[in-house]
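2 protein chains.
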Amino acid sequence: MSQSDTIHHWNGTRYQTILATAATGGAMSITYGEADPFTGPPTHVHQGEDEIFVVLEGEMIFEVAGKRMSCGPMGTAFVPRGAPHSFMTGADGARCITVLTPGGFEGFFAEMARGQFQMPQDMATVAAIAARYGSHIAGPGLAQREMQHA
Amino acid sequence: MSQSDTIHHWNGTRYQTILATAATGGAMSITYGEADPFTGPPTHVHQGEDEIFVVLEGEMIFEVAGKRMSCGPMGTAFVPRGAPHSFMTGADGARCITVLTPGGFEGFFAEMARGQFQMPQDMATVAAIAARYGSHIAGPGLAQREMQHA
Numbered sequence: 001m002s003q004s005d006t007i008h009h010w011n012g013t014r015y016q017t018i019l020a021t022a023a024t025g026g027a028m029s030i031t032y033g034e035a036d037p038f039t040g041p042p043t044h045v046h047q048g049e050d051e052i053f054v055v056l057e058g059e060m061i062f063e064v065a066g067k068r069m070s071c072g073p074m075g076t077a078f079v080p081r082g083a084p085h086s087f088m089t090g091a092d093g094a095r096c097i098t099v100l101t102p103g104g105f106e107g108f109f110a111e112m113a114r115g116q117f118q119m120p121q122d123m124a125t126v127a128a129i130a131a132r133y134g135s136h137i138a139g140p141g142l143a144q145r146e147m148q149h150a
Numbered sequence: 001m002s003q004s005d006t007i008h009h010w011n012g013t014r015y016q017t018i019l020a021t022a023a024t025g026g027a028m029s030i031t032y033g034e035a036d037p038f039t040g041p042p043t044h045v046h047q048g049e050d051e052i053f054v055v056l057e058g059e060m061i062f063e064v065a066g067k068r069m070s071c072g073p074m075g076t077a078f079v080p081r082g083a084p085h086s087f088m089t090g091a092d093g094a095r096c097i098t099v100l101t102p103g104g105f106e107g108f109f110a111e112m113a114r115g116q117f118q119m120p121q122d123m124a125t126v127a128a129i130a131a132r133y134g135s136h137i138a139g140p141g142l143a144q145r146e147m148q149h150a
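Residue numbers (the working numbering), protein chains in the order written: chain A, 1 to 150; chain B, 1 to 150.
Keep in mind that the hints were calculated from the coordinates and are not lab data.
A virtual CB, placed ideally from N, CA and C, is assigned to each residue, including glycine.
Take these hints with a grain of salt, some might be off.
[Claimed, not checked] Some chain B residues flagged as far from chain A (calculated, every beta-carbon gap over 12 Å): (1) THR17; (2) ALA23; (3) PRO80; (4) GLY93; (5) THR101; (6) GLU146; (7) MET147.
[Stated by the list, open to error] A short, non-exhaustive set of chain B residues, derived as facing chain A with CB atoms under 7 Å: (8) ALA27; (9) TYR32; (10) HIS44; (11) VAL45; (12) ASP50; (13) ILE61; (14) MET74; (15) THR76; (16) PHE78.
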């Protein structure tokens, strides 16, 4: 069992690494997340990893390369490396699993939780740290854009 | 969303492909399973795929290359390609997600459900079909061995 007891809180989400990259010979990481209602990350691009979401509970609206889709429990979203993407949780929040392959990105969540960086105030710092993990922030995410109108 | 509505029943488990290989450019498949108590597959080896289990509910005991470990909800087991493995669900059965990377193996569950092959009676047929999917059956699994003593 590769489950870690460390839970990172950041950007309205509790993150837990349930499969660490080190346990997979580098192949992947799996993160479990519990997210508040109407939250989500900026639009971003993972340059070297495919990212796969499996919704366990609640609803998540994904935006992948400009296309939106809604997923309920056991719905999945495949985000190929290089595709700009973001998501927004629904009114009840969501529980979800995120697979990144190859692994290595989970350290980003730990760094964000440690610094408790706020968006958009600390966006330059967030973007600089994301860049170290091969992730490029491309603009406001679905949650940021939708909640401006709320 | 790549969720399929087709549910395959085989060997005490309901299988649903929630991310099809075709939706990932071949990278992986993800299968959702609901398994009865004290069930599990024969010990087998995937020659070309890593297999990752995420337990959602219940308990699963995994045996990977001879080592046993027990996983509850959000526990994970990483099975590298080439490693003999099996598992057995606990007294309450289990709900779990299985990732296979690269993809392609999900057709095996469909063929098993279509034929409703029984084990051990139809083991030769099961083994022959498994071989077409790059999987080698190596002997009785944890559930078969443990339940002999029950």
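Results for each hint:
1. THR17: Not fine: 10 Å to the nearest Cβ puts B:THR17 too close to chain A.
2. ALA23: violated (5 Å)
3. PRO80: violated (7 Å)
4. GLY93: holds (17 Å)
5. THR101: violated (7 Å)
6. GLU146: holds (19 Å)
7. MET147: holds (23 Å)
8. ALA27: holds (6 Å)
9. TYR32: Holds, about 5 Å.
10. HIS44: violated (20 Å)
11. VAL45: Violated - the Cβ of B:VAL45 stays beyond 7 Å from chain A, reaching only about 17 Å at its closest.
12. ASP50: holds (6 Å)
13. ILE61: Constraint on B:ILE61 not satisfied, violated at 11 Å.
14. MET74: holds (5 Å)
15. THR76: holds (4 Å)
16. PHE78: holds (5 Å)
Violated hints, listed in ascending order, are 1, 2, 3, 5, 10, 11 and 13; each of the other numbered hints is respected by the structure.
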